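Chains S and R, in that order, give the protein sequences.
Just so we're aligned, residue 1 is where the first sequence starts under my numbering, counting upward by one.
Just so we're aligned, residue 1 is where the second sequence starts under my numbering, counting upward by one.
These aren't lab readings, by the way, just hints derived from the structure by calculation.
Do not rely on the hints blindly, as some may be mistaken.
What the hints assert, rightly or not - The calculated lysine-lysine pairs, modelled on DSS-like cross-linking and capped at a C-alpha distance of 30 Å, are:
(1) R/K116 <-> R/K340
(2) R/K340 <-> R/K469
(3) R/K340 <-> S/K8
(4) R/K422 <-> S/K8
(5) S/K8 <-> R/K267
(6) R/K343 <-> S/K8
(7) R/K267 <-> R/K422
What the hints assert, rightly or not - Sample of chain R residues lacking proximity to chain S, with all beta carbon distances greater than 10 Å (derived):
(8) G55
(9) I85
(10) E198
(11) A202
(12) W227
(13) A377
(14) V420
(15) V451
(16) R472
(17) P475
(18) G524
(19) W617
In this text, all values refer to a predicted model and were calculated from it rather than measured experimentally.
The beta carbon of each residue, even a glycine, is placed where N, CA and C say it ideally should be.
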Amino acid sequence: MPMNPTRKRRLTIVLAILAAAAVAAVLVVLALQNNMNYLLTPSQVQSGEAASYKTFRLGGMVKAGSIQRASDSLKVTFTVVDAGGAMPVEYTGILPDLFRDNQSVIATGHMDNAHFVATEVLAKHDETYMPKELKDAMAKAHEGKRVEEAAAAPDSMQGNPKP
Amino acid sequence: MTPELGQLALILALLLALAQSILPLIGAWRGNRALMAVARPAAAGQAVFVAMAFGILAWAFLRFDFSVQYVADNSNLALPWYYRIAAVWGAHEGSLLLWILILNVWTVALVAFSQKLPEVFASRVIAVMGLIAVGFLAFIIFTSNPFGRLLPMPGDGADLNPVLQDPGMTFHPPMLYMGYVGFSVAFAFSIAALLGGELEQAWVRWARPWTNIAWAFLTCGIVAGSWWAYAELGWGGWWFWDPVENASFMPWLVGAALIHAQAVTEKRGSLRAWTILLSIFAFSLSLLGTFLVRSGVLTSVHAFASDPRRGIFILAFLTIVVGGSLLLYALRAPRVLGGKPFKVVSRETVLLIGNLMFAVAAAMVLLGTLFPLIGDALNLGRISVGPPYFGFLFPLLMAPVVLLLPFGPFLRWGKGEAPVLKSLLLRVVIAALACAIVAAFLVDGNLKAIVGVAAAVWITVGVLLYAYKRWREMPRGRRYPAEMAGMLLAHLGVGVFVAGVLLSESLSVTRDVRMAPGESQHIGSYEFRFDGVHRANGPNWKADQGVVTVIRDGRELTVMHPQKRTYLRGQVQTESAVDAGVTRDLYVALGEPMDAGNVEGAWALRLYYKPFVRWIWAGGLLMMLGGLVCAADKRFRLKRGAGAEAGAIASLRVQENHA
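Kindly generate the complete structure, drawing on both the sequences and the hints.
Laid out in structure tokens, this is it:
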């Protein structure tokens with residue numbers, strides 16, 4: 001069939017859109033791959049699940065009495081726990097307002113030997129709110145394990161710890 | 001007694017909304033004028049009852065009626081009256097009531113200004129607005145009653161989330177909702193057009209200012225939210241690609257595309273189906289925005305009023321609205337096609353490319369925002385997509401828009417002339433390059449800052465050249481009609497915004513430091529001296545208030561007072577101190593005392609130097625102003641002649657149907 005001008009123009013437009021869509025798709029996949037953050041709990045990290053990720057998010061509760069500040073810098077260390085594990089965390093900077101003992105937190109960072117070096121620490125936003133994904137992660141880690149940190153986290157994992 | 005009246009008012013409003021939606025639809029279908037005539041009075045009645053319900057809730061807050069659960073949960077005796085008003089929409093139930101109130105404001109305006117539209121069409125539009133109201137009123141009445149009682153009545157209430165106790169919060173949600181809900185007009189308009197199977201250019205012209213105003217409000221709401229996050233959350237950032245920010249940004253992007261698509265449809269008749277599709281998406285994304293904020297399915301800094309059960313209702317509503325309207329679109333869109341053809345080099349092409357970019361950007365944001373849900377559904381683990389994803393893709397998608405922006409206005413409809421483009425291209429390239437070279441010396445070769453200056457100059461020079469062309473070629477009085485002036489303002493806003501974003505992102509200095517009283521820190525030529533912390537008291541909080549003196553060139557510039565507030569119920573909230581300026585902001589936030597027992601001693605402090613950060617919001621406000629000015633154009637008011645003519649045709653059809 002001969003190509004009339006309208007047909008030809010339409011074909012060009014369709015091809016251009018297809019090409020643009022292909023480029024966009026490739027870029028989106030690349031960007032997604034580089035920026036996906038997985039959320040893991042301390043017990044998942046200890047069972048080796050973090051090995052394949054350079055940076056990931058560590059979610060759990062701040063173990064009561066574990067917060068220690070350096071006297072001469074903004075360095076602070078604390079322990080994040082879930083039902084079956086504990087992970088020492090190191091962070092340099094200013095902690096969020098809601099950061100305190102027994103608070104659920106999400107820290108972004110990487111493993112350095114046996115401890116987690118955080119570049120960002122988020123505390124949950126209000127007293128009754130726990131991020132759903134963290135709740136799920138902790139509930140999952142909780143399955144089939146005995147509650148070792150019951151003393152540290154008296155309200156258990158799904159609860160809403162009141163300060 | 002009164003809270004029950006509020007509940008009753010809501011139920012009556014629901015009944016009227018049902019009447020407002022169902023009867024006129026049947027009337028328009030069967031050609032029954034009496035049924036169509038129900039639309040306007042029913043809408044007015046619904047508005048009265050919704051306003052009454054809202055007023056009753058506000059009154060309960062003002063009177064400290066803690067026997068109402070919602071009031072007891074969100075206010076207390078110490079909360080000042082202005083925050084008690086803001087508390088009305090501070091949590092889930094009240095914010096939905098605000099949503100429906102604003103929907104009624106839009107509907108009443110629609111009823112008042114649509115007198116000259118053909119009767120069949122106008123009653124369909126009002127009926128669709130009624131359907132939306134039915135969905136939301138049912139949602140409030142059946143799942144989120146703000147008037148529920150709390151017995152026995154407590155002596156005092158809890159507290160409004162301290163993050164919300166800020167002037168920004170009093171008007172961020174109403175502005176945002178004005179925008180979200182405002183897109184319902186364009187949506188109702190498109191659905192009415194699909195139902196009727198025809199779309200007159202005159203009707204699109206009439207619909208344009210509504211979209212512009214809604215988009216302007218949404219812009220204002222986003223700017224207010226961004227400002228609030230900057231000042232109140234104590235992080236000093238202005239945009240975080242947080243799910244809820246994205247939720248407001250997606251309708252904004254689609255709305256921006258819609259404004260331009262409507263212009264094409266109104267002037268040339270082309271892109272009709274696309275305009276309709278965009279109106280459907282703009283409103284659907286607004287609903288999704290409500291869903292994301294209110295359901296708590298996504299982890300977000302905003303998720304303070306979440307309840308997944310309610311999410312299911314909104315999700316079902318969303319499915320009906322999106323699914324139903326897309327189905328209608330698939331069935332009816334071919335009927336409304338038409339318009340004049342255009343060449344590759346034409347204003348239509350440029351606008352279409354911009355439109356596609358906005359649409360793709362919205363899709364990209366949607367994918368990134370909902371990815372955790374997708375990952376969850378596919379069992380990929382608990383994934384979230386980091387800000388770099390958006391930060392990488394968004395500028396890439398917007399680059400063509402920025403590059404094409406100066407050329408659009410210069411091109412003619414239908415068929416543009418290449419020589420005009422060449423001379424324009426030459427001028428903007430020279431201007432952008434010259435400014436970039438000058439800027440390179442000022443910013444020490446920081447590439448991002450140089451690009452920012454070049455892009456801003458590119459846009460601004462393009463806009464100014466077009467303004468000059470109009471000045472030269474058009475007779476006095478016809479140079480800058482409101483529509484034109486609005487476009488120029490909004491486009492200038494884009495330039496200012498781009499400059500603000502790239503300059504502040506690239507040149508900001510952040511410093512988290514430990515400071516003992518008397519110690520100083522230097523950022524550039526500014527010296528920040530920490531003069532210790534003392535106690536301060538507010539109406540419902542106590543605070544540790546820091547004193548930071550800023551010195552420049554040996555002169556005391558300002559004294560800043562960042563606070564660490566503790567509210568009545570023990571919530572802690574950082575109040576940053578900002579010294580605003582045209583070319584830079586100085587920003588100080590208190591961290592925590594290094595030794596909890598000694599607040600007189602050293603503290604952790606966060607110091608920021610943020611150049612040109614205010615230009616970001618200034619650019620946003622210019623865009624908002626542009627949208628409003630554009631909407632004021634006289635051309636958009638339906639001419640009596642044209643409207644009467646269309647009305648006559650419509651009534652002819654109605655009579656035919658009767659016969």
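The hints, checked one at a time:
The straight-line distance between the Cα atoms of R/K116 and R/K340 is roughly 26 Å, inside the 30 Å bound, and the hint therefore holds. Of the supplied pair hints, the one linking R/K340 and R/K469 holds, its CA atoms being roughly 26 Å apart against a limit of 30 Å. For the given pair, R/K340 sits about 18 Å from S/K8 by alpha-carbon distance, which is consistent with the 30 Å threshold. Taken as a hint, the R/K422 and S/K8 pair is honoured in the structure, with Cα atoms around 26 Å apart against an allowance of 30 Å.
The straight-line distance between the Cα atoms of S/K8 and R/K267 is roughly 26 Å, inside the 30 Å bound, and the hint therefore holds. For the suggested pair R/K343 and S/K8, the alpha carbons sit about 13 Å apart, so the restraint of at most 30 Å is met. The straight-line distance between the Cα atoms of R/K267 and R/K422 is roughly 26 Å, inside the 30 Å bound, and the hint therefore holds. Even its closest Cβ contact with chain S, about 28 Å, leaves R/G55 beyond 10 Å, as expected for a residue assigned away from the interface.
Look at R/I85: its CB is around 21 Å from the nearest CB on chain S, clear of 10 Å, so calling it non-interface holds up. Annotated as non-interface, R/E198 keeps its C-beta farther than 10 Å from every C-beta of chain S; the closest such distance is 25 Å. With a least CB separation of 28 Å from chain S, R/A202 remains clear of the 10 Å interface cut-off, as annotated. The non-interface label for R/W227 is consistent with chain S: the shortest C-beta to C-beta separation is roughly 19 Å, beyond 10 Å.
No beta-carbon of chain S comes within 10 Å of the beta-carbon of R/A377; the shortest separation is about 13 Å. With a closest Cβ-Cβ approach of about 22 Å to chain S, R/V420 is found to remain outside the 10 Å limit, as its non-interface label requires. Every CB of chain S is more than 10 Å from the CB of R/V451 (nearest about 19 Å), matching its label as outside the interface. At roughly 34 Å, the least C-beta separation between R/R472 and chain S is larger than 10 Å, which holds for a residue marked as non-interface.
Non-interface call for R/P475 relative to chain S: holds, since the shortest CB-CB distance, roughly 37 Å, exceeds 10 Å. At roughly 21 Å from the closest C-beta of chain S, the C-beta of R/G524 stays outside 10 Å, upholding its exclusion from the interface. The beta carbon of R/W617 is kept farther than 10 Å from every beta carbon of chain S, the shortest such distance being approximately 24 Å.
In this structure, every one of the numbered hints holds.
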